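*Asks:* Residues per chain are reported as follows:
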Amino acid sequence: MAMRKVKELGINKTYPGKLLIVEGIDGSGKSTQVYLLKRWLEEHGYTVFFTEWNSSDLVKDATRKAKKKNMLTPTTFSLIHAADFADRYERLIWPHLKAGYIVLADRYIYTAYARDIARGVDPAWVRNIYSFAVKPTAAFYFQVPVDVGVSRILRGRTALKYHEAGMDLGLSNDPAESFKLFQGIIKDQYDAMADKEGFHIIDGTLPIEEQQQQMRAMVEVMLRRYKPVIYNRSSANHEEGYEK
Amino acid sequence: MIQKDKLFYGSGLPYLKMDKLPGYLIVIEGADGSGRSTQINMLKDWLESRGHAVLDTGLKRSTLVGGTIDEAKKGNLLGRTTLSLLYATDFGDRLENNIIPALEAGFIVLADRYIFTLMARDMVRGARRAWLKEMFGFALIPDIVFYLQVSPDVLLHRAFMQYGHLDYWESGMDLGISPDMFKSFKQYQSMLKDQFDNLAQEYGFIIMDGSMDIETVQQRLREEILERIDL
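Residue numbers (numbering that gives the first Met the number 0), protein chains in the order written: chain A, 0 to 243; chain B, 0 to 230.
Hints listed in this document are in silico derivations from the structure and should not be mistaken for laboratory results.
Possibly wrong hints are sitting among the right ones.
[As the list claims (entries may be wrong)] In silico PhoX-like cross-links for lysine-lysine, where the CA-CA straight-line distance does not exceed 20 Å: (1) B:K19 <-> B:K5; (2) B:K72 <-> A:K59; (3) A:K59 <-> B:K192; (4) A:K59 <-> A:K160; (5) A:K67 <-> A:K186; (6) B:K132 <-> B:K73.
Remember, it's a predicted structure, so these values are computed and weren't measured experimentally.
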């Protein structure tokens, strides 16, 4: 079993699981792709744990309250999201990796890098904050032109939330315009880190099927020496996060 | 008088445009029972009677995540990294929304604990020192940091006198040192003291013997302040 060495709170750790993550601007199609990958993995008998950005209960309340009051500064915005991620990481992601599962994450630390740097915090500072998290087995970056992503998002809905539109950056008073400019900055950040972080870049303007094929071909190679978790499902308690 | 060549310990708050702040930031660090709040109240009276505007601020008093931290600690629900980041969020909120605006307005800010308490607690729990140092690089460098040093033995008796019992967190029970609260308290407090002693050297704290009587400590604090700040 391939073990990776990671550093977390001063302890060197190894884990037998696989961590596959997707990144991209809003409307890049990454959620669709990670969902299709999950279906495919499950059909092949793998037990998969799926997790999304911004979904832990305890911190969510604080985040929601803070966002509503617009009392966040770039630093506290960054820290509260790091706390939220750490909560999911410590309770869900890390234990599953340690137990040997395939963990699929819709957005990972790179989302935080891109957003926080866009808001003006020091790049080295935010990278240090997230240094407790392991490097994923693979990071798939769904690259689309800003116009494509933005029109996919704006077509489906009317109201953009304040932080979602990046209104706190003071780019424009018009939410749609601000959103577009904000997504442009985020895209620049992703593009700039793609090489350094070793992203697998997938062209998000290709047909959905073709993107999925590319992704599956890469994942297949990554799983060649992976030993799946053997667990008798009939006696299992199905909890949130595990499908079927 | 002190001359500061930089405002922040590390990367700071790069999106804020700040030059020199007209106010002064005075920090008092020390364990629970070291007499911090008593001394701060007395300093506040003294400074105000001399005509200075004073803001006193403590840890975990921000409205942002204070409630979340309390709730989580009650049930011991959060991982160590998460709790550490929540405290950092809370500190950041106070720094940017209370401390800096007050310093800009020319107040003297008396901070009842600062990043050092957070760092010491986390280091006792295994956090990497380099990680903490970099994270708290957004903290303003105070004009003075006092450290009220009190031995774990004295703290023990003060806790009994004040509360009648030992606190779960102040005894470090989450560390699983010992199921015996008395033992755990003593060991945990001495681990914290070691961390504080290291931080005192690195960050240049002014160490005060917190086991002296209240008036003597206060007198020394005032002398040190007058020596270092042109009030």
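*Asks:* Next step is simple, just say for each hint if it's right about the structure.
*Replies:* Each hint, compared with the structure:
Between K19 of chain B and K5 of chain B the alpha-carbon distance is near 9 Å, which keeps this suggested pair within the 20 Å criterion. Only pairs whose Cα atoms come within 20 Å are accepted, and K72 of chain B paired with K59 of chain A is accepted, the gap being roughly 16 Å. In summary, the hint linking K59 of chain A to K192 of chain B is not supported, as the alpha carbons are separated by about 35 Å, beyond the 20 Å threshold. At roughly 16 Å between alpha-carbon atoms, K59 of chain A and K160 of chain A fall within 20 Å of each other, so this suggested pair holds.
Proposed proximity of K67 of chain A and K186 of chain A is contradicted: the alpha carbons are some 26 Å apart, above 20 Å. Between K132 of chain B and K73 of chain B the CA atoms are separated by roughly 28 Å; this puts the pair beyond 20 Å, and the hint is violated.
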